[in-house]
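In case you want the letters, here they are:
Protein chains: 2
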Amino acid sequence: MISQKARYALRALLYLAAQGDTGPVQISEIAESEKIPRKFLEAILLELKKPGIVRSHRGRQGGYSLGRSAKDISFADVLRVTDGPLALSPCVSVMAYRKCDDCFEESVCAIRKALLAARDATAEILESRSLATAAQQLKRSGAL
Amino acid sequence: MISQKARYALRALLYLAAQGDTGPVQISEIAESEKIPRKFLEAILLELKKPGIVRSHRGRQGGYSLGRSAKDISFADVLRVTDGPLALSPCVSVMAYRKCDDCFEESVCAIRKALLAARDATAEILESRSLATAAQQLKRSGAL
DNA sequence: TAAATCTCTATTGACTAGATAGGGATTTAG
DNA sequence: CTAAATCCCTATCTAGTCAATAGAGATTTA
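Residue numbers (this note's numbering), protein chains in the order written: chain A, 220 to 363; chain B, 220 to 363.
Rather than coming from a laboratory, the hints here were simulated on the basis of the structure.
Any given hint might turn out to be false.
You can't tell identical chains apart in this list, so a pair holds if it fits in one copy or across any two.
[As the list claims (entries may be wrong)] For lysine-lysine, the following DSS-like pairs were computed, each having C-alpha atoms within a straight-line distance of at most 27 Å:
1) K269 / K254
2) K358 / K258
3) K224 / K258
4) K268 / K332
5) K318 / K268
6) K358 / K269
7) K224 / K358
8) K254 / K332
9) K290 / K332
10) K358 / K318
11) K268 / K254
12) K290 / K269
13) K224 / K332
Full structure from sequences and hints, please.
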């Protein structure tokens, strides 16, 4: 299960993606529109800023905007920030590999083989879906 | 990430699968061979018993054995018991569907569409891999 | 009948998730 | 200039979960 933080992040980013290029959007506006606790959202956006998923603009009329084109921000990008690796085990994580604590011999581990296949399958899906993909679906459904 | 409980469960079940049909195996034997805390393993096997993944035999010379053929116990079966639904969101879970707490309109949710695709991809993998598959891989690697 | 097992309930410590609070730093519109 | 509006940071709290442990009761069969 993804965390509440991940849901908030995705909703906020989709909100930004839907605005297009109309300048930075205030935290308060996003928070109210998407019903996200303001301070919590603040913390989330700060985290999303580090890897460049969003950009911040300070001062009066400041706010947040997407750090790059919506089509270049995948669901995988976002979930990795909010929830850590997509993989079901550290030993099959590509972005954050780590040996399992009590692993005897990784190359032989039959559990690992299954989890690796699972990781590849989810990563392929989540990396192929971008904010642009999602925003377009919303538009098509008439929700925008 | 899967829980430690899930790791222990999979290891214990693989151990049972590797034994074949040589009667029930004692908890202590599994615990020592696989380096799993005895009492914790006890609790795990009890949970695996409810849905029939294992069968218990009481009294002297008692122990645990697989509840059905190893080829009919998938990784998905096990992970659902130890870690709950495979889905990344309750609203895309097939076995344990639940509406998201703050969902506006599910049929339009673009986040849901992506998570649903992810769920289908992982479920397909994890349901197609059984204890038998894994045991056979171990045999081929010469680890058995 | 007693040894060896399963079964159950309760508890503990460490850690994380989700949320809140308050104030300091920075920018830029006016 | 300067002050309003923002970003930025640290600390804290509560509730819940994970992993593990303990102890005793129930059941079976050698």
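Consistency of the hints with the structure:
no.: 1; hint: K269 / K254; result: within (24 Å within a copy, 40 Å between copies)
no.: 2; hint: K358 / K258; result: neither (29 Å within a copy, 54 Å between copies)
no.: 3; hint: K224 / K258; result: within (12 Å within a copy, 35 Å between copies)
no.: 4; hint: K268 / K332; result: between (34 Å within a copy, 25 Å between copies)
no.: 5; hint: K318 / K268; result: neither (29 Å within a copy, 30 Å between copies)
no.: 6; hint: K358 / K269; result: neither (29 Å within a copy, 46 Å between copies)
no.: 7; hint: K224 / K358; result: within (25 Å within a copy, 43 Å between copies)
no.: 8; hint: K254 / K332; result: between (41 Å within a copy, 21 Å between copies)
no.: 9; hint: K290 / K332; result: between (32 Å within a copy, 16 Å between copies)
no.: 10; hint: K358 / K318; result: between (43 Å within a copy, 23 Å between copies)
no.: 11; hint: K268 / K254; result: within (21 Å within a copy, 43 Å between copies)
no.: 12; hint: K290 / K269; result: within (19 Å within a copy, 46 Å between copies)
no.: 13; hint: K224 / K332; result: between (30 Å within a copy, 18 Å between copies)
Of the numbered hints stated above, those contradicted by the structure are hints 2, 5 and 6, listed in ascending order.
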